[in-house]
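**Student:** Sequence:
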Amino acid sequence: MIYSKLKERYFAHVVALLLLLFILVIGAVPGYLKGNWQWQQPAPIVNLKKLKQIRQTGLTIPGWQTIEQTEQPIGEQKWSLQLIKKLQTNTEAMLLLLPQNGPRKQPQVEWTEINSWGRLRWGQWNIAQSRLVEFTVKQPPAKVKAVFFRAATTEQTFAVLQWYAWRDGGNPSTLQWLLADQLAQLQKQRAAWVAVSILLPMEPLGKIDTFWSEVKSIGETVQATLMTSVL
Numbered sequence: 035m036i037y038s039k040l041k042e043r044y045f046a047h048v049v050a051l052l053l054l055l056f057i058l059v060i061g062a063v064p065g066y067l068k069g070n071w072q073w074q075q076p077a078p079i080v081n082l083k084k085l086k087q088i089r090q091t092g093l094t095i096p097g098w099q100t101i102e103q104t105e106q107p108i109g110e111q112k113w114s115l116q117l118i119k120k121l122q123t124n125t126e127a128m129l130l131l132l133p134q135n136g137p138r139k140q141p142q143v144e145w146t147e148i149n150s151w152g153r154l155r156w157g158q159w160n161i162a163q164s165r166l167v168e169f170t171v172k173q174p175p176a177k178v179k180a181v182f183f184r185a186a187t188t189e190q191t192f193a194v195l196q197w198y199a200w201r202d203g204g205n206p207s208t209l210q211w212l213l214a215d216q217l218a219q220l221q222k223q224r225a226a227w228v229a230v231s232i233l234l235p236m237e238p239l240g241k242i243d244t245f246w247s248e249v250k251s252i253g254e255t256v257q258a259t260l261m262t263s264v265l
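Letter by letter, the sequence shown follows residues 35 to 265 in our numbering.
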């Protein structure tokens, strides 16, 4: 079973690489013939001001109250860190957002930086039960893939959900974002992105499956809010 999953994941990456290569060739040829290389002058990010504002103000999430919001240095970048509470149940969670800050900025090492930040903040960041999950946003419609795992620290254990959000979907893979961005550039647009990391407190050594419904609900709300108000 493990071999089968690895084989499927490898095949998906190969297909994505081939599609990306095809798109790059198709997009580059007209520019080359005109003496204008597309990647030297990428299309502008029309909503860049809104994206940058996330660092200062965070995100207003329907049904959730922001308890605290700060600009948090993580690695060499500055994220928005929000402590949020659900109005109906008082469930608390931590929301980390890193918006694109320029037309040439690509997602790269965000998840590695979050892991390092967790170790620095709590002394450890032990990952277990990691898996790839999917959820769907109904309005506006979008399908999102994300990484879902348990992170144990010295003080607290979290159910964690991570992905890159763009205007019509999301994925934790930088390659998938690059593919979406190249497709958008063929239409003189861009796939502006926001890195999302949701941390929901859970009991130590617990099974993250029991928290999936709650985490998925937060993920759907965050993705929908980003799509309607920022992306």
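Check the hints yourself; a few may be wrong.
[What the hints assert, rightly or not] For lysine-lysine, the following DSS-like pairs were computed, each having C-alpha atoms within a straight-line distance of at most 30 Å:
id : residue 1 : residue 2
1  : Lys172    : Lys250
2  : Lys177    : Lys241
3  : Lys241    : Lys172
4  : Lys139    : Lys179
5  : Lys83     : Lys112
6  : Lys86     : Lys177
7  : Lys83     : Lys120
8  : Lys112    : Lys139
9  : Lys241    : Lys139
10 : Lys172    : Lys120
11 : Lys83     : Lys222
12 : Lys172    : Lys83
Simulated from the structure, these hints should not be mistaken for lab results.
**Student:** All hints, please: hold or fail.
**Tutor:** Structure-based check of all given hints:
Of the supplied pair hints, the one linking Lys172 and Lys250 holds, its CA atoms being roughly 13 Å apart against a limit of 30 Å. Between Lys177 and Lys241 the alpha-carbon distance is near 25 Å, which keeps this suggested pair within the 30 Å criterion. Of the supplied pair hints, the one linking Lys241 and Lys172 holds, its CA atoms being roughly 27 Å apart against a limit of 30 Å. Between the alpha carbons of Lys139 and Lys179 the distance comes to roughly 21 Å, so the proposed pair stays at or under 30 Å and holds.
Between Lys83 and Lys112 the alpha-carbon distance is near 16 Å, which keeps this suggested pair within the 30 Å criterion. At roughly 25 Å between alpha-carbon atoms, Lys86 and Lys177 fall within 30 Å of each other, so this suggested pair holds. Distance hint between Lys83 and Lys120 is fulfilled; the C-alpha atoms sit about 28 Å from each other, no more than 30 Å. The hinted pair formed by Lys112 and Lys139 meets the criterion: a straight-line CA distance of about 14 Å does not exceed 30 Å.
Proximity of Lys241 to Lys139 is assessed by CA-CA distance (about 36 Å); at most 30 Å being required, the pair is judged violated. The straight-line distance between the Cα atoms of Lys172 and Lys120 is roughly 20 Å, inside the 30 Å bound, and the hint therefore holds. Proposed proximity of Lys83 and Lys222 is supported: the alpha carbons are some 19 Å apart, at most 30 Å. Distance check on the hinted pair: Lys172 and Lys83 sit about 26 Å apart at the alpha-carbon level, within 30 Å; holds.
Consistency with the previously given hints fails for number 9 only.
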